[in-house]
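Each chain is listed here by its residues.
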Amino acid sequence: MKEVVQLYIDNELDARATLEAQQHLESCASCSRLLAVFLEHDRVLKEAAGAEKVDTDRLRANILSQIQTAKPRTSLSLVPGGWRNISMFARVAAVIAAAIALAAAMLILMPRQGERVFASALADHEDHCSFANTTMAKVEPDELAQLDLKYFGLSMTPDLSQFGYGSARGRECRLNGKWYLHLVYYKNEEEPVSLFLSLGGSGLREGQLKSEGKPGYQMVRLLQSGVDLIVVSPLAAGPTASIAKAVAAEISAAKLKGGSIGGPKARRAEPSLTDCDGLSVLVDSGGLLRIQNTL
Amino acid sequence: MRDKKLESVQLKFEDEALSHLSTLLKAAVRIVGRPQEAEDVVQETYLRAWKYFDSFETGTNCRAWLFRIMFNVVNGRRGKQAKAAEVPLDDTLDQHHSNVIQFDPTRQIEGHELLEAAGLLTEVHRSVLWLVVVEEFSYREAAEVLDVPIGTVMSRLHRARDELRKLLIRRNSSSARG
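Same order as they appear, the protein sequences are chains A and B. Here the first sequence stands for residues 1 to 295, where the numbers follow this note's numbering. Here the second sequence stands for residues 1 to 178, where the numbers follow this note's numbering.
Only chain A is shown next, with the shape it has when bound in the complex:
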């Protein structure tokens, strides 16, 4: 619900959705209070930022001094006559040199496969955890069980309730060319945790754990009982690794039993800040955000 208020504040809704949001806000005290809070914060922040003074004289002088002595990139439009006045031999040599340089740069700079998978997992986590995308994910237990079986050979979904997370929402996604089941777990109003699961092909040894930190996120990859598990979380390295190991233990136990791992235990969700469930955001066939009144 907060996402709708945010979209409304930032004028990111189309005309129809804006009207629906306005009608809802007129009747919902909870959402209108939240709107007032966010509007006030935005207003004060903008005013404070606008009122700040910065001294740019010295910086401007430095920049002007440097551009006086530096030429912009040699645009061909700055060469008298342009490309036409360069000999054929020089043109061919320039193209070959550029190709060699590009190939060398790719070999040196291209991230290793593991890093590409982490980068892909992080991008997928950020993209799929947006409210609009979340509403399109699978949430029914039997639908999730089918996906679990398809992607890692077990018919039940990993349970993160011991860490305070609710039931998972599932999507299928590709990371660096390989298909994974992407499970998103929410906890109150905190940023969610993502699990990516697939069979084999991780490049890790059985039981080996690999970890990487990026600004705002921690990622862990683990191979357990042939299941390639990747965890993306906003938590620190330790808690993220704990989640990975707990899921790995569940997978291992289930594989040994030859059956399913424990399903999500019934847990009452923590109350959210706004107690309004009156609106949900949907993405229509045209890719536009629409608001559906569920009251």
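Be aware that a few hints might be false.
What follows is a set of in silico ranges between Cβ atoms, one per label pair, in the way DEER data are often shown [what the hints assert, rightly or not]:
1) B:S138 <-> A:K178: 29 to 37 Å
2) A:N176 <-> B:R34: 31 to 39 Å
3) B:N75 <-> A:K257: 41 to 49 Å
4) A:P141 <-> B:E57: 50 to 58 Å
5) B:R140 <-> A:A61: 29 to 37 Å
6) B:E57 <-> A:K178: 33 to 41 Å
7) B:E37 <-> A:D14: 37 to 45 Å
If you want the footprint, here are the derived chain A segments under chain B, 3+ residues with CB under 8 Å [as the list claims (entries may be wrong)]:
8) 36-49
9) 58-70
Derived from the structure by calculation, the hints contain no laboratory data. Everything numeric in this text was worked out from a predicted model, so none of it was measured. Using N, Cα and C, we set each Cβ at its ideal position, and we do this for glycine too.
Given the structure of chain A, go ahead and fit chain B onto it with the hints provided.
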């Protein structure tokens, strides 16, 4: 003697790009957090902008183009550092206030309070908050500046606003307790 054409390009650069200098510097100070580093970032931004000015299309959004360069500079400086420090929110506070929105219409929030609170957010959250709320970029423009999907802008902004609200609640509670 400098080529006349080059001088003309330089004048155009000063007119189009340098007019955004104070905007970029203010943003850089708030995003990277250190004034000296912010100046270095902005200076490097303008040198790159000058170098690639031929790729800028006159009449398009120069401010967004410069911000895009600036974030490339910032990311390049960060390199492969560990993730930025998380905001150390007090979980017990959240339990007491999970169903209450703390908004006292009689208490005016001071600008410096908000700027200080925003400074406590992680860099990724400060960045998206500054771009959308202060600089009034659309989600799509902010996504292009940051080179992330629009969904990422939405989720980061949502998180940033929520963290800001919780920080101000904690500050209010501390003040109330004296």
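Tested hints:
no.	hint	result
1	B:S138 <-> A:K178: 29 to 37 Å	34 Å, holds
2	A:N176 <-> B:R34: 31 to 39 Å	36 Å, holds
3	B:N75 <-> A:K257: 41 to 49 Å	46 Å, holds
4	A:P141 <-> B:E57: 50 to 58 Å	52 Å, holds
5	B:R140 <-> A:A61: 29 to 37 Å	36 Å, holds
6	B:E57 <-> A:K178: 33 to 41 Å	39 Å, holds
7	B:E37 <-> A:D14: 37 to 45 Å	41 Å, holds
8	36-49	holds (count 12)
9	58-70	holds (count 9)
In this structure, none of the earlier numbered hints is contradicted; all agree with it.
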